[in-house]
Amino acid sequence: MKTYDKVLDVTETPTIVFGRRASTWWGTTAFMAIEATTLVVCIATYLYVRKNFHHWPPAPLRVPDVLRPTISVTFLALSNIANYWLSRKVRALDKRGTQIGLLVMSTIAAIAIVLRVFDFRDLNSHWDTNAYASAAWISVAFHSSLLFLEGIETWVFTALFWFGPVEGKHFSDADDNCVYWYFMTLVWVPMYALIYWTPRLM
Amino acid sequence: MSASVPSVTETMVLNDGDLVTRSELEQSWRFPRGFVGWLRNTSHLSIGKRYIITAFVFFGLGGLEAGLIRLQLSRPENSWIGPDLYNQIFTMHGTTMMFLFAVPMMTAVGLYMVPLMIGTRNVSSPRLNLYGYFTYVVGGAFLYFAFFVNNGPDAGWFAYTPLSGPQFSPGKRVDVWAQTITFTEISALISAVILITTIFKQRAPGMSLNRIPLFVWAMLVTSFMIVFSMPWVATASQMLAADRLVDTHFFNAAEGGDALLWQHLFWFFGHPEVYIIFIPALGMVSAIVETFTGRPIFAYPVMVLSLITTGFMGFGLWVHHMFATPIPQLGQSFFTAASTIIAIPTGVQIFCWIATIWAGKPRFTTPLLFVIGFIITFVIGGLTGVMIASVPFDLQAHDTYFIVAHLHYVLIGGGLFPLFGAFYYWFPKMTGRMMSERMGKWNFWLFFTGVNVTFFPMHVLGLEGMTRRIYTYLPETGWGPLNLVSSLGAVVIVVSMVLFVANALISWKRGVPAGDNPWGAASLEWATESPPPPYVFLHVPVCTSEHPLWEEGETRPVVTGLRTDIRENLMTTLMDAEPDHRHDSPEPTIWPFVAALATGVMFITAIFTVWGLVIGLLLLFPPLLLWGWPRKEEQRRRLAGERDPLARAGS
Amino acid sequence: MNRFIDRLSLLVAAASTLACSGNESALDPAGPQAARINGMAWYMFAVSALVWMAVVTALLIAARKGSTRDLADQSDSMNARLKRPVVTATSITVLILIGTLVYDVATGHALASLPRDKALRIEITGHQWWWEATYVDPVAGRQVTTANEIHIPVGEPVQIIGSSADVIHSFWIPNLAGKKDLIPGHATATWIQADRPGIYRGQCAEFCGHQHANMAVLVMAESRDEFNSWYETQLLPAAPPSDSVSKAGEAVFMSKGCPLCHTVGGTRALGRIGPPLTHIGSSYTLAAGTLKNTRGNLAGWIVDPQGIKPGAKMAPNDLSGSELQAILSYLGNLK
Numbered sequence: 771m772k773t774y775d776k777v778l779d780v781t782e783t784p785t786i787v788f789g790r791r792a793s794t795w796w797g798t799t800a801f802m803a804i805e806a807t808t809l810v811v812c813i814a815t816y817l818y819v820r821k822n823f824h825h826w827p828p829a830p831l832r833v834p835d836v837l838r839p840t841i842s843v844t845f846l847a848l849s850n851i852a853n854y855w856l857s858r859k860v861r862a863l864d865k866r867g868t869q870i871g872l873l874v875m876s877t878i879a880a881i882a883i884v885l886r887v888f889d890f891r892d893l894n895s896h897w898d899t900n901a902y903a904s905a906a907w908i909s910v911a912f913h914s915s916l917l918f919l920e921g922i923e924t925w926v927f928t929a930l931f932w933f934g935p936v937e938g939k940h941f942s943d944a945d946d947n948c949v950y951w952y953f954m955t956l957v958w959v960p961m962y963a964l965i966y967w968t969p970r971l972m
Numbered sequence: 114m115s116a117s118v119p120s121v122t123e124t125m126v127l128n129d130g131d132l133v134t135r136s137e138l139e140q141s142w143r144f145p146r147g148f149v150g151w152l153r154n155t156s157h158l159s160i161g162k163r164y165i166i167t168a169f170v171f172f173g174l175g176g177l178e179a180g181l182i183r184l185q186l187s188r189p190e191n192s193w194i195g196p197d198l199y200n201q202i203f204t205m206h207g208t209t210m211m212f213l214f215a216v217p218m219m220t221a222v223g224l225y226m227v228p229l230m231i232g233t234r235n236v237s238s239p240r241l242n243l244y245g246y247f248t249y250v251v252g253g254a255f256l257y258f259a260f261f262v263n264n265g266p267d268a269g270w271f272a273y274t275p276l277s278g279p280q281f282s283p284g285k286r287v288d289v290w291a292q293t294i295t296f297t298e299i300s301a302l303i304s305a306v307i308l309i310t311t312i313f314k315q316r317a318p319g320m321s322l323n324r325i326p327l328f329v330w331a332m333l334v335t336s337f338m339i340v341f342s343m344p345w346v347a348t349a350s351q352m353l354a355a356d357r358l359v360d361t362h363f364f365n366a367a368e369g370g371d372a373l374l375w376q377h378l379f380w381f382f383g384h385p386e387v388y389i390i391f392i393p394a395l396g397m398v399s400a401i402v403e404t405f406t407g408r409p410i411f412a413y414p415v416m417v418l419s420l421i422t423t424g425f426m427g428f429g430l431w432v433h434h435m436f437a438t439p440i441p442q443l444g445q446s447f448f449t450a451a452s453t454i455i456a457i458p459t460g461v462q463i464f465c466w467i468a469t470i471w472a473g474k475p476r477f478t479t480p481l482l483f484v485i486g487f488i489i490t491f492v493i494g495g496l497t498g499v500m501i502a503s504v505p506f507d508l509q510a511h512d513t514y515f516i517v518a519h520l521h522y523v524l525i526g527g528g529l530f531p532l533f534g535a536f537y538y539w540f541p542k543m544t545g546r547m548m549s550e551r552m553g554k555w556n557f558w559l560f561f562t563g564v565n566v567t568f569f570p571m572h573v574l575g576l577e578g579m580t581r582r583i584y585t586y587l588p589e590t591g592w593g594p595l596n597l598v599s600s601l602g603a604v605v606i607v608v609s610m611v612l613f614v615a616n617a618l619i620s621w622k623r624g625v626p627a628g629d630n631p632w633g634a635a636s637l638e639w640a641t642e643s644p645p646p647p648y649v650f651l652h653v654p655v656c657t658s659e660h661p662l663w664e665e666g667e668t669r670p671v672v673t674g675l676r677t678d679i680r681e682n683l684m685t686t687l688m689d690a691e692p693d694h695r696h697d698s699p700e701p702t703i704w705p706f707v708a709a710l711a712t713g714v715m716f717i718t719a720i721f722t723v724w725g726l727v728i729g730l731l732l733l734f735p736p737l738l739l740w741g742w743p744r745k746e747e748q749r750r751r752l753a754g755e756r757d758p759l760a761r762a763g764s
Numbered sequence: 003m004n005r006f007i008d009r010l011s012l013l014v015a016a017a018s019t020l021a022c023s024g025n026e027s028a029l030d031p032a033g034p035q036a037a038r039i040n041g042m043a044w045y046m047f048a049v050s051a052l053v054w055m056a057v058v059t060a061l062l063i064a065a066r067k068g069s070t071r072d073l074a075d076q077s078d079s080m081n082a083r084l085k086r087p088v089v090t091a092t093s094i095t096v097l098i099l100i101g102t103l104v105y106d107v108a109t110g111h112a113l114a115s116l117p118r119d120k121a122l123r124i125e126i127t128g129h130q131w132w133w134e135a136t137y138v139d140p141v142a143g144r145q146v147t148t149a150n151e152i153h154i155p156v157g158e159p160v161q162i163i164g165s166s167a168d169v170i171h172s173f174w175i176p177n178l179a180g181k182k183d184l185i186p187g188h189a190t191a192t193w194i195q196a197d198r199p200g201i202y203r204g205q206c207a208e209f210c211g212h213q214h215a216n217m218a219v220l221v222m223a224e225s226r227d228e229f230n231s232w233y234e235t236q237l238l239p240a241a242p243p244s245d246s247v248s249k250a251g252e253a254v255f256m257s258k259g260c261p262l263c264h265t266v267g268g269t270r271a272l273g274r275i276g277p278p279l280t281h282i283g284s285s286y287t288l289a290a291g292t293l294k295n296t297r298g299n300l301a302g303w304i305v306d307p308q309g310i311k312p313g314a315k316m317a318p319n320d321l322s323g324s325e326l327q328a329i330l331s332y333l334g335n336l337k
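Chains as they are written, first to last, in this note's numbering: chain A, 771 to 972; chain B, 114 to 764; chain C, 3 to 337.
Derived by calculation from the structure, the hints in this document are not laboratory data.
Please note that the accuracy of each hint is not assured.
[Said to hold, decoys possible] Derived list of chain B stretches under chain A, where covered just means 3 residues or more per stretch with a C-beta under 8 Å from a C-beta of chain A:
| # | stretch |
| --- | --- |
| 1 | 312-320 |
| 2 | 340-348 |
| 3 | 363-376 |
| 4 | 659-672 |
| 5 | 745-757 |
[Said to hold, decoys possible] Think about it this way: if two alpha-carbon atoms lie no more than 16 Å apart in a straight line, the pair counts; the simulated EDC-like pairs of lysine to aspartate or glutamate are:
| # | chain 1 | residue 1 | chain 2 | residue 2 |
| --- | --- | --- | --- | --- |
| 6 | B | K474 | C | D227 |
| 7 | B | K474 | C | D168 |
| 8 | A | K776 | B | D131 |
| 9 | C | K315 | C | D168 |
| 10 | A | K776 | B | E665 |
| 11 | C | K315 | B | E667 |
| 12 | A | K776 | B | E667 |
| 13 | C | K294 | B | E190 |
| 14 | C | K294 | B | E589 |
| 15 | A | K865 | A | D943 |
[Stated by the list, open to error] Simulated restraints on C-beta separations:
| # | chain 1 | residue 1 | chain 2 | residue 2 | range |
| --- | --- | --- | --- | --- | --- |
| 16 | C | R123 | B | E190 | 28 to 38 Å |
| 17 | C | D306 | B | E589 | 15 to 25 Å |
| 18 | C | A51 | B | A615 | 34 to 44 Å |
| 19 | A | L956 | B | L738 | 24 to 34 Å |
| 20 | C | I201 | B | P283 | 34 to 44 Å |
| 21 | C | H111 | A | L837 | 48 to 58 Å |
| 22 | C | H111 | A | R891 | 36 to 46 Å |
| 23 | B | F261 | C | D306 | 22 to 32 Å |
| 24 | B | P189 | A | L817 | 46 to 56 Å |
| 25 | C | C263 | B | I166 | 49 to 59 Å |
Where a beta carbon is used, it is the ideal one built from N, C-alpha and C, also for glycine.
Same shape as in the complex, but just chain A (with noise of 0.2 Å):
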C-alpha cells in the first residue's frame, strides 16, 4: 500500500507567463518551423524547375514588377514596430494599450491584405501558362494564405480585447500572436526576394 510523500507545493507558482516559458509559445514556434518548410519546399521547387528554361522567365512572359511588392514588403517589415510596441503593451498586462496597439495592427493586417492583391498582379503571369508560373503563384499564394489567416486571428484578438471577457491567459496568448506576427512579415523577406528579383538576375 503505497502513500504520498508530499514534497513539492507548487501553490505559489504563477498562471500567466510569456515567451518560451508558455507552452503556447512552443505551440506557435513548431507552427512557425512546418510553414517555414513548406516555403522551403516553394522555394526548392522554384529553383528547380528553373533549370529546365533557358531563358527566365521564360517567354512570352515579362519580368514580375517590383515597384508596388517593394512598397509591400517594405510596409510589412515596418510594422514590425507597431508589433513590437504591442508586445510590449502584452507584456506589461496593460489591457488599454492593448486595446489600441491591436487595432492598429488589425489596419495594419488590412492594408497588408490589399496590397497582396496587387502583388499577385505584379506576377505579370496567370499560373497556368508554364511551370515557372505556377511555381511563382504558388509560393505568393501560400504566404498569402499565412499573411490573410493571420490577419483573421489578428482581428479576433482586436474583438476579444475590445468586446470580450479578458483575462490574465489572453496576454499571453496576444504575445504569442505578435511573435507570429515578426515571423509572418520576414519570412516573406527572402521569398519576395526570389520570386520578384531573381528573374531581373538570373
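Given the structure of chain A, go ahead and fit chains B and C onto it with the hints provided.
This is chains B and C only, laid out in the frame that chain A set:
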C-alpha cells in the same frame, strides 16, 4: 480477488485530504456523457484510445486489401480481379497502411502514453488533439467512401507523375488521394506539435532530460521528423491537385515542369516517413526490454543519441528511391553511403538490447517474445536494405518483389512486432485487464511464421524478374509456385490476427484484473490505476530518478498545490523540469468536432472547385472562433478560485 | 580491383547457375553487367547471412544467460563489462559496412569501365503498353523501328537511349543488366550486352497504368551474321501480298481503322500510335509479350484486345469470318 472489481493498491484512507482531492478531481475532470459527450471529450485517454482503435480498423482494411492481392497473385493468369480494380486495391493497401494506420497508430500510442509516462494529466492542447482525431477520421472515411463507389485512387500510394496527372488519370480518383494526404497530414502534424509541446513543458518535476523514458525520447524525435518532412508531401499533393484542377504545370514536361520533381518532393517526405513509423517502435522495444529484463537499458545516453542520429540521417537518404532515374552518378554515391551508414545507430541499439537481456533476468512473456521476433525479423530487412543501398544491385532489385520483401520485413519486423509487443504490454494499463498469455504466444508464433513464409520468397521472386504492381503474370515466368507459398503464408498471418483480435476483445471483458503495476515496471504510467482515471494521477508525481517506481521507497513523492476544483496542469522548465507555472486545461467542447467536419467540407469540395476552399474557410470560421472564445461562466469559476493576482489582469 | 571482381563474378556465376538458372533472372547472368552484379549480390547475401546468424545467436545466448540469473544485474561493474562486447560489435559492424561500401564503389567503377566503344545505338521509347525501338544508323534511310522484340549481336555492347511517349516506364532485362527508368521529358542512357545467344525477357518495371503487368520486352541475342541478316530484312518494306486471300486481307486492313495507328512500311499505313506491323509475321509474340504469335492468338487479339489486355488502347474490331481470315493471312505474310 473478484474479477468484476478492479483491485486498488493506492490507499485512499491514509489521508482525509486525499478523499476530498479524489472527489474534487473526479468532478472537475469527469468525462462528458453520452455520444455527444464522446464528441466533446478532450481527455487524451479517450482520444488516444479512439485513435488506436480507429487505426486498428484501418489496419484490418489494409490487411483485407493485402489478402485480396495475395489471392489474385496466388496463381498465374488469375482472372479473379481485373487490372482496374487491382490497381485501386494495391493503391488503397499502401495508402491505408502508410497514412491511415502506421503513422496515426504510432502517434496515437504516443498521445495516450506520453502524458502518463511524464507524469501529467493531459496533453498541451486537448482541443487541438480532438480536432486532429476527427480530421483523421474524416479523411479515412472519405477515402473509403470513394473506394466503395469505384473512385478509389489507382496510381499507387506514391502517385508518380505524369501517370497521376490530369492527362493520364482523368476523373477524381487521384484527387481523392491528394486530399486524403491533406487530412492525414494535418492530423499527424497536430499530433507532432502536441507531443513536442507536452514533452517539453509538462514533464513531472525532477524529470530532467536525462531521466526521460526512451519511448518518450522516441516520440520526441518522431515528432520533429513529422514537422520537417510532412510539409513536403502536403505541398506536393496540393501541387498535383492544382495540376489536375486548375492547369498548373508543376509536373508537366511540356511546359517546363518535371516528372522527377514529384519524386524528389515525395521521397524527401517518404524516406523520413518510414523512420517516423520505425522510431516509435524502437522506443516501445526499449520500454518492453527494460520491464521484462528487470534492469535499465544498457547505455541510455547512447540509446538517446542513436534515436536522434537516426532521425537526422533519415532526411539524407531519399534519392535511394530514385537510383534508376537519370540522376548524376556522384550524387548517387552520397546516398549509397548515407543509406549504408544509417544502419550503424540502429545496430548499436540492437547490441545494447542484447546486452541488457544478457545482464538482466528476462521474463519471456508475450511482449518480450515480440521483441525477440522483432530483432530476428527486422535484421533481415535491415540487411537487405544495405544490399539495395548499393546502386548496381538496386538497379536489379528496384521495383521488383525484392523491394516488397525488404519493405515488409522492415515495416512488419521493425514496426508491427514492437507494436504488438507494446499492445500486450500496455493493454493492462489501458483497460485494467491482462491479455491471455496463452493466446498471446499462439498469436506470436503464428504471426512470426506467417510473416516469414509470406515475405521471404519474395526476395527470390524479385531477382527472378517479378516486377511490382502487376495484377497477373504468365505461367512461363515460373513465378507461380513461390507466389502460392507466399499467399499461403498470408493465410497464416490472417489467422494470427484473428487470434489477436479475439484475445483483445475477450480480455477486455473477462481478463484477469491488472492492478496498477502488474509487470513491476519502472516508469510513471504504472504509478496510477489501470485504467487511469480521467484525472490520470491523484497527485502529480515528482520524478527522482530514471526509474521512478524502482527507486521509490515506502512513499511516492508527489506535488501538492495544483487546483482540483478546475482542470489544472503543472508546467515545468525545459531542461531540468523545475516547476514553472500552472496552466488550466481546456474543458470539453463540441467545436473541434464541428471544425473537423468543416475542414472535411473544405477539402472535399476543393476536389471539384477551387471555391471549395473559400466555402470551407467560411464554414470553418465560426467553430474555430467558438472553440477558443472564453466562456463567461467557466472564466468566472476559474478566476474566483485563482491565487495568482495576475490571472485577473484585464478582466 | 576490376580483375578481382571479374574473377569473383565468374566464380559466383558458375556456382549460381547450379543454384538457379532461369530466363528473366538476375541470378542467371548472360552479360558482363549482370555477371558483376550477381557476384556482388551473392557476396552481400553471404555476409548478410553470417551477420544475421551472429546477431540471432547472440540474442539467443543472451536470453539463455539472462534466464539463468536470479536477479537482474544492474551494477556498475556489469555495465562496465558490457561496454567491450557492444563496442566490439559496433566496430565490426562499421568495418563490414565500410567494406561493403568499398565493394559497392568498386563494382560501380568496374561496370563503368567495361568497354563500350563503337556500340550499337538503339532508341527505346516507352508507350502505354508497348516498347518502340529505333536502331540509330548514321546512314540515312537505314533506321529500323521495331516493337517489343529487340535483336542485338552477341558479345557487343549496345547503347540504349530511353524516353517515354506518355508516363514513366522502366526498361529492364534481368539476365543482362540493371534497369533504367524511361521518363517523359528526359533522355536516359544505359547499355546492355549479351555474352551468349538466347532470348532474354524483361517486364516494364515502373507502374504505368492498367496494363503495366503485360508490357514485356524480349531481347534476342544472336551472332553478328544472324543479326546483320535480320537487320537487312527489317530494312525492307512490307512484303507485298502474294495470294488472293492476303490481297483481300490487305484491303480489309487498309479500309478498317488499322492504318490510323499502325505502320506497314511501303504502304499508306503510316500510323505511329501503335507498334509497327511491317514484319509482324516474324515476331515471336504479340501485345508486348502477352501472347505467342500464333494465328489463333492473333485472331483473338484483333477481334477483342480488351478481353486480353483490358484498358489497352486498341479498340475491338468487328470483322466477319472471311475478313478475319484474310487479315490473318495478310499479316502472317509480313515477315
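These are the hints, each one checked on the structure:
1. 312-320: Three-residue rule met by the stretch 312-320 of chain B, so holds; n is 4.
2. 340-348: holds (count 7)
3. 363-376: holds (count 8)
4. 659-672: n = 6 at 8 Å, threshold three: holds.
5. 745-757: Result for this restraint: holds, n = 7.
6. B:K474 with C:D227: Answer violated: B:K474 to C:D227 is near 74 Å, above 16 Å.
7. B:K474 with C:D168: Cα-Cα ~61 Å, so violated.
8. A:K776 with B:D131: holds, 11 Å
9. C:K315 with C:D168: Holds, at about 13 Å.
10. A:K776 with B:E665: holds, 13 Å
11. C:K315 with B:E667: violated, 79 Å
12. A:K776 with B:E667: Holds, at about 13 Å.
13. C:K294 with B:E190: Within the cut-off at roughly 15 Å; holds.
14. C:K294 with B:E589: holds, 11 Å
15. A:K865 with A:D943: holds, 13 Å
16. C:R123 with B:E190: 28 to 38 Å: holds, 36 Å
17. C:D306 with B:E589: 15 to 25 Å: holds, 22 Å
18. C:A51 with B:A615: 34 to 44 Å: This hint holds: roughly 37 Å between Cβ atoms.
19. A:L956 with B:L738: 24 to 34 Å: Hint holds: Cβ distance 27 Å, inside 24 to 34 Å.
20. C:I201 with B:P283: 34 to 44 Å: holds, 37 Å
21. C:H111 with A:L837: 48 to 58 Å: Between C:H111 and A:L837, where Cβ atoms are some 56 Å apart, the hint holds.
22. C:H111 with A:R891: 36 to 46 Å: violated, 55 Å
23. B:F261 with C:D306: 22 to 32 Å: holds, 30 Å
24. B:P189 with A:L817: 46 to 56 Å: For B:P189 and A:L817 the Cβ distance comes to about 48 Å; the hint holds.
25. C:C263 with B:I166: 49 to 59 Å: This hint holds: roughly 53 Å between Cβ atoms.
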